[in-house]
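Trainee: Sequence:
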Amino acid sequence: MSDIDRVAELYASAVFSKDEQAFLALYDENVVVFDAWEEWLYRGRQAWSGMVRGWFGGLGEERVRVTFAPIYCHIENDAAIWCANVRYAGLSAADEELNAIENRLSWGLRRHEGRWRIVHEHTSAPADFKTHKLKLPT
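Numbering (this note's numbering), first residue to last: 1 to 138.
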């Protein structure tokens, strides 16, 4: 397991427990996020925190289980690129899966003072040229 896979584990744990502080601690202060929902761009952890607060706060009793299928990892000195398919499964209070969505995720990370932080995140899903609908993973 790479150090970056550990970041992914911490991400999944923070999302499941709706721990905004632990989630945001994974991101650099000056992170740039291209998210697949709502906003075109989030510039900085402060801007990103509003999305996170709304996401976690809007879940109510539900939780989200995040699973990653890593595709690529390259670490060179204090910089890394990590790409994965990611699945977000909404769970009821009784731990029953209610819904799920999958997309692609790429991280650019920087190690500073021994800790990896996400400096760039990009999530996406391909769209069909004819229908303009998102394609599901095969």
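Note that these hints are calculated values from the structure, not bench results. Warning: the hint list may mix true and false statements.
Said to hold, decoys possible - Under the rule of at most 20 angstroms between Cα atoms (straight-line distance), these lysine to any residue pairs were calculated in the SDA-like manner:
| hint | residue 1 | residue 2 |
| --- | --- | --- |
| 1 | K18 | R45 |
| 2 | K18 | G90 |
| 3 | K18 | G58 |
| 4 | K133 | G108 |
| 5 | K18 | R53 |
| 6 | K18 | Y88 |
| 7 | K18 | R87 |
| 8 | K18 | I101 |
| 9 | K18 | I71 |
| 10 | K18 | C83 |
| 11 | K18 | E76 |
| 12 | K18 | R65 |
| 13 | K18 | S49 |
| 14 | K133 | S92 |
| 15 | K18 | G57 |
| 16 | K18 | D35 |
| 17 | K133 | N103 |
| 18 | K18 | N77 |
| 19 | K133 | R104 |
| 20 | K18 | W40 |
Trainee: Next, verify each hint and record whether it holds.
Mentor: To see whether the hints hold, each was checked on the structure:
1. With a C-alpha separation of about 17 angstroms, the suggested pair K18 and R45 falls inside the 20 angstroms cut-off, and the hint holds.
2. Restraint check for K18 and G90: satisfied, since their Cα atoms lie roughly 12 angstroms apart, inside the 20 angstroms limit.
3. For the hint linking K18 to G58, the alpha-carbon distance of about 10 angstroms falls within 20 angstroms, and the restraint holds.
4. At roughly 27 angstroms between alpha-carbon atoms, K133 and G108 are farther apart than 20 angstroms, so this suggested pair is violated.
5. For a cut-off of 20 angstroms, the pair hint linking K18 to R53 stands: about 9 angstroms separates their Cα positions.
6. Proposed proximity of K18 and Y88 is supported: the alpha carbons are some 13 angstroms apart, at most 20 angstroms.
7. Among the hinted pairs, K18 with R87 is consistent with the structure: their alpha-carbon atoms are about 16 angstroms apart, no more than 20 angstroms.
8. Using a Cα cut-off of 20 angstroms, the hinted pair K18 and I101 holds, with the two alpha carbons roughly 18 angstroms apart.
9. Proposed proximity of K18 and I71 is contradicted: the alpha carbons are some 26 angstroms apart, above 20 angstroms.
10. For the hint linking K18 to C83, the alpha-carbon distance of about 23 angstroms lies beyond 20 angstroms, and the restraint is violated.
11. Our distance criterion of 20 angstroms between C-alpha atoms is broken by K18 and E76, whose separation comes to about 32 angstroms.
12. For the suggested pair K18 and R65, the alpha carbons sit about 10 angstroms apart, so the restraint of at most 20 angstroms is met.
13. Note on K18 and S49: the hinted pairing holds, with a Cα-Cα distance of about 13 angstroms set against a maximum of 20 angstroms.
14. With a C-alpha separation of about 27 angstroms, the suggested pairing of K133 with S92 is violated against the 20 angstroms cut-off.
15. At roughly 8 angstroms between alpha-carbon atoms, K18 and G57 fall within 20 angstroms of each other, so this suggested pair holds.
16. Our distance criterion of 20 angstroms between C-alpha atoms is met by K18 and D35, whose separation comes to about 18 angstroms.
17. The straight-line distance between the Cα atoms of K133 and N103 is roughly 13 angstroms, inside the 20 angstroms bound, and the hint therefore holds.
18. Of the supplied pair hints, the one linking K18 and N77 is violated, its CA atoms being roughly 32 angstroms apart against a limit of 20 angstroms.
19. As the CA atoms of K133 and R104 are separated by approximately 16 angstroms, the hinted pair is consistent with the 20 angstroms bound.
20. Between K18 and W40, the direct Cα distance comes to roughly 23 angstroms. Violation of the 20 angstroms bound is thereby established for this hinted pair.
Checked against the numbered hints given earlier, this structure breaks hints 4, 9, 10, 11, 14, 18, 20; the rest are met.
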